Amino acid sequence: IIQILLYPFAFLYAISIKLWSWMYKMGYSGKSSFSVPIISVGNIQAGGTGKTPMVEYLCSILTPNYHVSVLSRGYKRLTFGFRIVAHSDGFKEVGDEPAWLKRKYPQANIGVAENRVEGIPHLVSHALHTDCIILDDGFQQLGMRTDLNILLTTYHSPYTKDQFLPVGRLREGKSEAKRADIIIVTKCPENILQKKSQVLQELNIHLENHQTAFLSSLYYATPYLMNYEGILLSLKEVDTVLLLTGIADASPLVQYIESKVKTLKHLKFSDHYRYRIEEIELLEKEFEKLSSSGKTIILTTEKDAARLVDYRNKINELNLEIYVQPILLKWDDEPALKKMIDEILPKKEDDSF
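Count the sequence shown with our numbering and you get residues 24 to 376, in order.
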(Lines of atoms letter the chains of each structure in order from A and count residues from 1; the text may use other names and numbers.)
(Lines give C-alpha, C1' and ligand atoms only; values in the text may rest on other atoms or scores of the structure.)
Protein backbone atom coordinates (compact mmCIF):
# COMPACT_ATOMS: atom_id res chain seq x y z
CA ILE A 1 0.00 0.00 0.00
CA ILE A 2 2.83 2.37 0.89
CA GLN A 3 4.50 1.69 -2.46
CA ILE A 4 1.28 2.46 -4.32
CA LEU A 5 0.94 5.74 -2.42
CA LEU A 6 4.49 6.69 -3.40
CA TYR A 7 3.97 6.26 -7.16
CA PRO A 8 2.59 9.81 -7.73
CA PHE A 9 5.70 11.24 -6.07
CA ALA A 10 7.93 9.01 -8.21
CA PHE A 11 6.08 10.24 -11.31
CA LEU A 12 6.59 13.91 -10.37
CA TYR A 13 10.25 13.23 -9.59
CA ALA A 14 10.73 11.51 -12.95
CA ILE A 15 9.17 14.45 -14.81
CA SER A 16 11.38 17.01 -13.04
CA ILE A 17 14.56 14.98 -13.65
CA LYS A 18 13.75 14.47 -17.35
CA LEU A 19 13.07 18.20 -17.75
CA TRP A 20 16.39 19.03 -16.07
CA SER A 21 18.25 16.63 -18.37
CA TRP A 22 16.40 17.92 -21.47
CA MET A 23 17.47 21.51 -20.71
CA TYR A 24 21.13 20.48 -20.82
CA LYS A 25 20.68 18.40 -23.98
CA MET A 26 18.95 21.29 -25.76
CA GLY A 27 21.67 23.73 -24.72
CA TYR A 28 19.55 25.88 -22.42
CA SER A 29 22.12 25.26 -19.69
CA GLY A 30 25.77 25.58 -20.67
CA LYS A 31 28.68 23.23 -20.06
CA SER A 32 32.06 24.17 -18.64
CA SER A 33 35.24 22.71 -20.11
CA PHE A 34 38.56 22.29 -18.35
CA SER A 35 42.05 21.67 -19.71
CA VAL A 36 42.71 18.90 -17.14
CA PRO A 37 41.34 15.42 -17.99
CA ILE A 38 38.36 14.54 -15.79
CA ILE A 39 37.36 10.97 -14.87
CA SER A 40 33.82 10.94 -13.50
CA VAL A 41 32.67 8.08 -11.24
CA GLY A 42 28.96 7.92 -10.48
CA ASN A 43 25.63 6.15 -10.74
CA ILE A 44 21.96 6.72 -11.52
CA GLN A 45 20.85 4.96 -8.33
CA ALA A 46 20.96 6.20 -4.77
CA GLY A 47 23.80 4.69 -2.75
CA GLY A 48 25.43 1.31 -2.48
CA THR A 49 26.79 0.89 -6.01
CA GLY A 50 30.47 0.84 -5.00
CA LYS A 51 31.69 4.37 -5.72
CA THR A 52 34.08 4.40 -2.76
CA PRO A 53 36.06 1.27 -3.79
CA MET A 54 36.14 2.53 -7.40
CA VAL A 55 37.52 5.97 -6.51
CA GLU A 56 40.06 4.28 -4.22
CA TYR A 57 41.03 1.90 -7.06
CA LEU A 58 41.64 4.82 -9.43
CA CYS A 59 43.81 6.51 -6.80
CA SER A 60 45.79 3.30 -6.29
CA ILE A 61 46.68 2.90 -9.98
CA LEU A 62 47.14 6.58 -10.84
CA THR A 63 48.98 8.19 -7.91
CA PRO A 64 52.26 6.27 -8.45
CA ASN A 65 52.69 7.86 -11.92
CA TYR A 66 50.48 10.95 -12.05
CA HIS A 67 49.65 14.06 -10.08
CA VAL A 68 46.07 13.21 -9.13
CA SER A 69 43.35 15.45 -7.75
CA VAL A 70 40.03 14.20 -6.36
CA LEU A 71 36.92 16.34 -6.00
CA SER A 72 34.03 15.17 -3.83
CA ARG A 73 30.89 16.71 -2.42
CA GLY A 74 31.98 15.86 1.12
CA TYR A 75 28.65 14.31 2.07
CA LYS A 76 27.39 15.07 5.62
CA ARG A 77 30.30 17.35 6.48
CA LEU A 78 29.58 20.28 8.79
CA THR A 79 31.47 22.82 6.66
CA PHE A 80 30.36 24.62 3.49
CA GLY A 81 31.89 25.75 0.22
CA PHE A 82 35.19 24.65 -1.27
CA ARG A 83 37.81 23.19 1.05
CA ILE A 84 41.13 21.44 0.49
CA VAL A 85 41.37 18.27 2.57
CA ALA A 86 44.25 18.32 5.04
CA HIS A 87 45.74 15.17 6.57
CA SER A 88 44.44 16.30 9.97
CA ASP A 89 40.85 16.84 8.77
CA GLY A 90 38.12 14.54 10.05
CA PHE A 91 34.73 13.56 8.72
CA LYS A 92 33.08 16.60 10.33
CA GLU A 93 35.26 18.97 8.29
CA VAL A 94 35.30 17.17 4.92
CA GLY A 95 33.19 13.99 5.07
CA ASP A 96 34.29 10.43 5.73
CA GLU A 97 35.41 9.35 2.25
CA PRO A 98 37.65 12.39 1.50
CA ALA A 99 39.21 12.19 4.99
CA TRP A 100 39.98 8.48 4.53
CA LEU A 101 41.36 8.97 0.99
CA LYS A 102 43.71 11.73 2.16
CA ARG A 103 45.13 9.49 4.88
CA LYS A 104 45.58 6.60 2.46
CA TYR A 105 46.91 8.69 -0.45
CA PRO A 106 48.62 11.73 1.13
CA GLN A 107 50.26 12.61 -2.20
CA ALA A 108 46.83 13.18 -3.82
CA ASN A 109 45.29 16.66 -3.91
CA ILE A 110 41.78 16.21 -2.51
CA GLY A 111 39.04 18.82 -2.24
CA VAL A 112 35.36 19.05 -1.36
CA ALA A 113 32.72 21.36 -2.83
CA GLU A 114 28.95 21.32 -3.21
CA ASN A 115 29.29 23.02 -6.61
CA ARG A 116 31.74 20.86 -8.55
CA VAL A 117 31.97 23.25 -11.53
CA GLU A 118 33.11 26.07 -9.26
CA GLY A 119 35.26 23.71 -7.19
CA ILE A 120 37.51 22.45 -10.00
CA PRO A 121 39.42 25.75 -10.61
CA HIS A 122 39.98 26.09 -6.85
CA LEU A 123 41.16 22.47 -6.66
CA VAL A 124 43.65 22.85 -9.50
CA SER A 125 44.99 26.15 -8.13
CA HIS A 126 45.98 24.43 -4.87
CA ALA A 127 48.28 21.95 -6.63
CA LEU A 128 51.62 22.67 -8.28
CA HIS A 129 50.55 20.41 -11.12
CA THR A 130 47.50 18.26 -11.91
CA ASP A 131 47.51 15.49 -14.51
CA CYS A 132 43.90 14.40 -13.97
CA ILE A 133 40.88 14.92 -11.75
CA ILE A 134 38.75 12.12 -10.34
CA LEU A 135 35.22 13.44 -9.90
CA ASP A 136 33.48 11.49 -7.12
CA ASP A 137 29.73 11.02 -7.69
CA GLY A 138 29.94 13.00 -10.90
CA PHE A 139 27.39 11.39 -13.20
CA GLN A 140 24.74 14.05 -12.50
CA GLN A 141 27.21 16.89 -13.12
CA LEU A 142 25.83 17.83 -16.54
CA GLY A 143 27.27 21.31 -16.27
CA MET A 144 30.78 20.16 -17.21
CA ARG A 145 32.43 18.10 -19.88
CA THR A 146 34.17 14.94 -18.70
CA ASP A 147 36.77 12.90 -20.55
CA LEU A 148 35.75 9.52 -19.17
CA ASN A 149 32.30 8.94 -17.69
CA ILE A 150 32.11 5.79 -15.53
CA LEU A 151 28.68 4.49 -14.46
CA LEU A 152 28.39 1.91 -11.67
CA THR A 153 25.54 -0.50 -11.00
CA THR A 154 25.42 -3.60 -8.83
CA TYR A 155 24.92 -7.16 -10.04
CA HIS A 156 22.11 -7.90 -7.58
CA SER A 157 20.28 -4.54 -8.00
CA PRO A 158 20.99 -3.18 -11.50
CA TYR A 159 19.52 0.11 -12.69
CA THR A 160 17.74 -1.74 -15.50
CA LYS A 161 15.43 -3.41 -12.94
CA ASP A 162 14.91 -0.37 -10.71
CA GLN A 163 12.29 2.41 -10.42
CA PHE A 164 12.38 6.13 -9.69
CA LEU A 165 12.71 7.47 -6.19
CA PRO A 166 10.97 7.18 -3.79
CA VAL A 167 9.45 3.89 -5.04
CA GLY A 168 12.87 2.58 -6.06
CA ARG A 169 16.42 3.97 -6.05
CA LEU A 170 16.70 5.59 -9.49
CA ARG A 171 18.01 9.16 -9.47
CA GLU A 172 17.66 9.46 -13.27
CA GLY A 173 15.92 7.63 -16.08
CA LYS A 174 17.43 4.35 -17.29
CA SER A 175 18.04 5.86 -20.73
CA GLU A 176 20.52 8.32 -19.18
CA ALA A 177 22.98 5.43 -18.88
CA LYS A 178 23.77 6.22 -22.54
CA ARG A 179 25.91 9.13 -21.30
CA ALA A 180 28.42 6.69 -19.83
CA ASP A 181 31.61 5.68 -21.62
CA ILE A 182 32.13 2.75 -19.26
CA ILE A 183 29.47 0.74 -17.43
CA ILE A 184 30.78 -1.33 -14.53
CA VAL A 185 28.68 -4.07 -12.95
CA THR A 186 29.94 -4.12 -9.36
CA LYS A 187 29.72 -6.67 -6.52
CA CYS A 188 29.57 -9.62 -8.91
CA PRO A 189 30.12 -13.13 -7.56
CA GLU A 190 33.73 -13.95 -8.37
CA ASN A 191 32.79 -17.09 -10.31
CA ILE A 192 30.97 -15.08 -13.02
CA LEU A 193 33.68 -12.52 -13.79
CA GLN A 194 34.53 -14.28 -17.04
CA LYS A 195 30.90 -14.49 -18.18
CA LYS A 196 30.38 -10.88 -19.25
CA SER A 197 28.01 -11.49 -22.17
CA GLN A 198 25.82 -13.73 -20.03
CA VAL A 199 25.72 -11.18 -17.19
CA LEU A 200 24.84 -8.24 -19.45
CA GLN A 201 22.06 -10.25 -21.06
CA GLU A 202 20.75 -11.39 -17.68
CA LEU A 203 20.69 -7.81 -16.37
CA ASN A 204 19.23 -6.43 -19.61
CA ILE A 205 22.14 -4.00 -20.07
CA HIS A 206 22.43 -3.03 -23.75
CA LEU A 207 25.60 -1.17 -24.71
CA GLU A 208 25.77 1.69 -27.17
CA ASN A 209 28.52 1.68 -29.82
CA HIS A 210 30.69 4.05 -27.77
CA GLN A 211 30.36 2.04 -24.54
CA THR A 212 32.45 -0.66 -22.89
CA ALA A 213 31.35 -2.82 -19.96
CA PHE A 214 33.42 -4.36 -17.19
CA LEU A 215 32.59 -6.68 -14.30
CA SER A 216 34.09 -6.32 -10.83
CA SER A 217 33.87 -8.24 -7.58
CA LEU A 218 34.90 -7.30 -4.07
CA TYR A 219 38.11 -8.67 -2.61
CA TYR A 220 38.77 -8.51 1.12
CA ALA A 221 42.39 -8.09 2.18
CA THR A 222 43.80 -8.85 5.64
CA PRO A 223 42.34 -6.59 8.38
CA TYR A 224 44.70 -4.16 10.11
CA LEU A 225 44.53 -2.52 13.53
CA MET A 226 43.12 1.00 13.40
CA ASN A 227 45.85 3.60 14.10
CA TYR A 228 48.49 0.82 13.83
CA GLU A 229 48.24 -0.28 10.21
CA GLY A 230 51.32 -2.49 10.45
CA ILE A 231 49.50 -4.89 12.81
CA LEU A 232 47.51 -7.40 10.75
CA LEU A 233 45.16 -10.19 11.81
CA SER A 234 43.75 -12.89 9.55
CA LEU A 235 40.12 -13.84 10.13
CA LYS A 236 41.33 -17.46 10.14
CA GLU A 237 42.59 -16.75 13.66
CA VAL A 238 39.22 -15.35 14.83
CA ASP A 239 36.15 -17.09 16.29
CA THR A 240 33.78 -14.14 16.73
CA VAL A 241 33.46 -10.78 14.96
CA LEU A 242 31.60 -7.74 16.21
CA LEU A 243 31.03 -5.82 12.98
CA LEU A 244 30.31 -2.08 13.02
CA THR A 245 29.10 -0.50 9.76
CA GLY A 246 27.51 2.72 8.61
CA ILE A 247 27.56 2.11 4.85
CA ALA A 248 24.82 1.79 2.23
CA ASP A 249 25.19 -1.95 1.61
CA ALA A 250 27.09 -4.15 4.04
CA SER A 251 25.58 -7.43 2.82
CA PRO A 252 28.61 -8.59 0.75
CA LEU A 253 30.92 -7.95 3.73
CA VAL A 254 28.52 -9.74 6.10
CA GLN A 255 28.41 -12.77 3.81
CA TYR A 256 32.20 -12.83 3.58
CA ILE A 257 32.71 -12.66 7.36
CA GLU A 258 30.06 -15.32 7.98
CA SER A 259 32.04 -17.66 5.71
CA LYS A 260 35.19 -17.10 7.78
CA VAL A 261 34.15 -17.11 11.46
CA LYS A 262 31.82 -19.03 13.77
CA THR A 263 29.85 -16.08 15.14
CA LEU A 264 29.00 -12.64 13.76
CA LYS A 265 27.24 -9.80 15.57
CA HIS A 266 26.42 -6.83 13.31
CA LEU A 267 25.85 -3.32 14.62
CA LYS A 268 24.33 -1.67 11.55
CA PHE A 269 23.82 2.07 11.11
CA SER A 270 22.72 4.23 8.16
CA ASP A 271 25.13 5.28 5.41
CA HIS A 272 27.61 8.00 6.52
CA TYR A 273 26.26 7.74 10.09
CA ARG A 274 27.93 10.21 12.45
CA TYR A 275 29.07 8.08 15.36
CA ARG A 276 28.79 9.50 18.87
CA ILE A 277 30.30 8.61 22.25
CA GLU A 278 27.14 6.56 22.87
CA GLU A 279 27.99 4.23 19.98
CA ILE A 280 31.53 3.76 21.28
CA GLU A 281 30.13 2.81 24.69
CA LEU A 282 27.63 0.46 23.03
CA LEU A 283 30.50 -1.13 21.13
CA GLU A 284 32.33 -1.78 24.41
CA LYS A 285 29.25 -3.37 26.02
CA GLU A 286 28.57 -5.64 23.02
CA PHE A 287 32.22 -6.65 22.88
CA GLU A 288 32.14 -7.64 26.56
CA LYS A 289 29.12 -9.87 25.89
CA LEU A 290 30.90 -11.67 23.05
CA SER A 291 34.45 -11.82 24.40
CA SER A 292 33.88 -15.16 26.11
CA SER A 293 33.24 -16.79 22.71
CA GLY A 294 36.87 -17.56 21.86
CA LYS A 295 39.03 -15.08 19.96
CA THR A 296 36.78 -12.01 19.44
CA ILE A 297 37.55 -8.82 17.53
CA ILE A 298 35.79 -5.62 16.57
CA LEU A 299 35.82 -5.06 12.82
CA THR A 300 34.77 -2.08 10.70
CA THR A 301 35.26 -0.68 7.20
CA GLU A 302 37.82 1.93 6.16
CA LYS A 303 35.06 4.46 5.53
CA ASP A 304 33.66 3.86 9.01
CA ALA A 305 37.13 4.12 10.53
CA ALA A 306 37.37 7.67 9.17
CA ARG A 307 34.36 8.54 11.37
CA LEU A 308 35.74 6.75 14.43
CA VAL A 309 39.21 8.33 14.62
CA ASP A 310 37.78 11.45 16.27
CA TYR A 311 36.98 9.24 19.27
CA ARG A 312 40.41 7.63 19.54
CA ASN A 313 40.81 8.87 23.13
CA LYS A 314 37.54 7.23 24.21
CA ILE A 315 38.45 4.07 22.30
CA ASN A 316 41.83 3.92 24.07
CA GLU A 317 40.19 4.68 27.43
CA LEU A 318 37.91 1.65 26.98
CA ASN A 319 40.87 -0.48 25.78
CA LEU A 320 39.08 -1.30 22.54
CA GLU A 321 41.08 -2.72 19.66
CA ILE A 322 39.27 -2.03 16.40
CA TYR A 323 40.39 -3.76 13.21
CA VAL A 324 39.74 -2.29 9.78
CA GLN A 325 38.72 -4.41 6.77
CA PRO A 326 40.22 -3.19 3.46
CA ILE A 327 37.92 -3.70 0.47
CA LEU A 328 39.62 -4.08 -2.93
CA LEU A 329 38.42 -4.91 -6.45
CA LYS A 330 38.92 -7.82 -8.84
CA TRP A 331 38.23 -7.36 -12.56
CA ASP A 332 37.19 -9.39 -15.56
CA ASP A 333 39.65 -7.50 -17.80
CA GLU A 334 41.79 -5.06 -15.84
CA PRO A 335 44.34 -4.41 -18.65
CA ALA A 336 41.55 -3.20 -20.96
CA LEU A 337 40.19 -0.89 -18.26
CA LYS A 338 43.64 0.57 -17.57
CA LYS A 339 44.15 1.11 -21.30
CA MET A 340 40.96 3.17 -21.58
CA ILE A 341 42.06 5.31 -18.64
CA ASP A 342 45.57 5.65 -20.03
CA GLU A 343 44.27 6.96 -23.35
CA ILE A 344 42.85 10.16 -21.81
CA LEU A 345 45.85 10.95 -19.60
CA PRO A 346 48.89 13.07 -20.52
CA LYS A 347 51.74 10.95 -21.81
CA LYS A 348 54.73 10.34 -19.57
CA GLU A 349 58.18 9.05 -20.43
CA ASP A 350 57.18 5.88 -18.59
CA ASP A 351 53.37 5.91 -18.64
CA SER A 352 52.76 2.28 -17.82
CA PHE A 353 50.71 1.57 -14.71
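Bear in mind the hints are in silico, worked out from the structure with no lab data behind them. In this text, all values refer to a predicted model and were calculated from it rather than measured experimentally. There's no promise every hint is true.
What the hints assert, rightly or not - In silico DSBU-like links for lysine-lysine, alpha-carbon gap of 35 Å or less:
#, residue 1, residue 2
1, Lys197, Lys337
2, Lys127, Lys99
3, Lys99, Lys54
4, Lys283, Lys259
5, Lys283, Lys184
6, Lys370, Lys184
7, Lys127, Lys41
8, Lys48, Lys362
9, Lys115, Lys288
10, Lys197, Lys218
11, Lys291, Lys259
12, Lys201, Lys218
13, Lys361, Lys283
14, Lys259, Lys197
15, Lys54, Lys291
16, Lys197, Lys54
Stated by the list, open to error - So the derived label-pair ranges between C-beta atoms look like this:
#, residue 1, residue 2, range
17, Ser293, Gln26, 19 to 25 Å
18, Pro144, Ser39, 43 to 49 Å
19, Lys283, Pro144, 43 to 49 Å
20, Lys312, Ser198, 26 to 32 Å
21, Pro369, Leu28, 26 to 32 Å
Ideal placement from N, C-alpha and C gives every residue a C-beta, glycine not left out.
Checklist entry - Which hint numbers does the structure go against, in order from smallest to largest? => result Hint check: 1, 6, 7, 14, 15, 18, 20 and 21 fail, others pass.
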